[in-house]
Amino acid sequence: EAGVAQSPRYKIIEKRQSVAFWCNPISGHATLYWYQQILGQGPKLLIQFQNNGVVDDSQLPKDRFSAERLKGVDSTLKIQPAKLEDSAVYLCASSFVGTGVHEQYFGPGTRLTVT
Amino acid sequence: GESVGLHLPTLSVQEGDNSIINCAYSNSASDYFIWYKQESGKGPQFIIDIRSNMDKRQGQRVTVLLNKTVKHLSLQIAATQPGDSAVYFCAATPMDTGRRALTFGSGTRLQVQP
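Protein chains in written order, with the working numbering: chain L, 1 to 115; chain U, 1 to 114.
Do not take every clue at face value.
In the DSSO-like style, the derived pairs of lysine-lysine whose C-alpha atoms are separated by at most 30 Å in a straight line are [unchecked claim]: (1) L:Lys83 with L:Lys44; (2) U:Lys56 with L:Lys11; (3) U:Lys56 with L:Lys44; (4) L:Lys71 with U:Lys42; (5) L:Lys15 with L:Lys83; (6) U:Lys68 with L:Lys44; (7) L:Lys15 with U:Lys42; (8) L:Lys44 with U:Lys71.
These are computed hints drawn from the structure, not numbers from a lab. It should be emphasised that the depicted structure is a prediction, and the values quoted were computed from it without experimental measurement.
Model the full assembly from the supplied sequences, consistent with the hints where possible.
As structure tokens, this is what we get:
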């Protein structure tokens, strides 16, 4: 079974530039999450999708971050304009929606450096 | 909201010894807990989970203990091996809502000395 795919793996941009990350979840997983992991910290949820609808985006900085999952499969996360404090690893995770099933599977992440 | 914290940022053990990593959570509504292992350059990898109606669950070489009274859980790794070296995170979530996002602790780095 293929895992969660993310690209690019690494990205370096200057502050005020824009950047986009892509995620392809495990086939059949209706729920998709984007997390931000700052160095030395645990992942923090940015947004949760159920199919193509947003379940929780309460911690997404909406003035600069946006995310979409138009067809309920792939998702993109965009930052525009980037700030120095956005330097982090952006993790995508997916999970199957089912009774008693809660495990989230993570992709390898995209490491963003903002200079 | 929930906050999750680990007790030690770094734990160093000898190969073959048992390791114990501790975690505390704040929200009594949290009733599902997961331990993840994260190796350098990789995403978190599921190790074991436990629901609040249990106080112990065992996997292969790993055991999770949950004490709801003091809001504490621990991960025990038996016969620690060099491949166990990684950062370990505990995470918590309430199960009975559609918001299944996990609240993660800050992680404990496990270093296994040969």
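Hint numbers the structure violates, sorted upward? Structure breaks hint 2 only.
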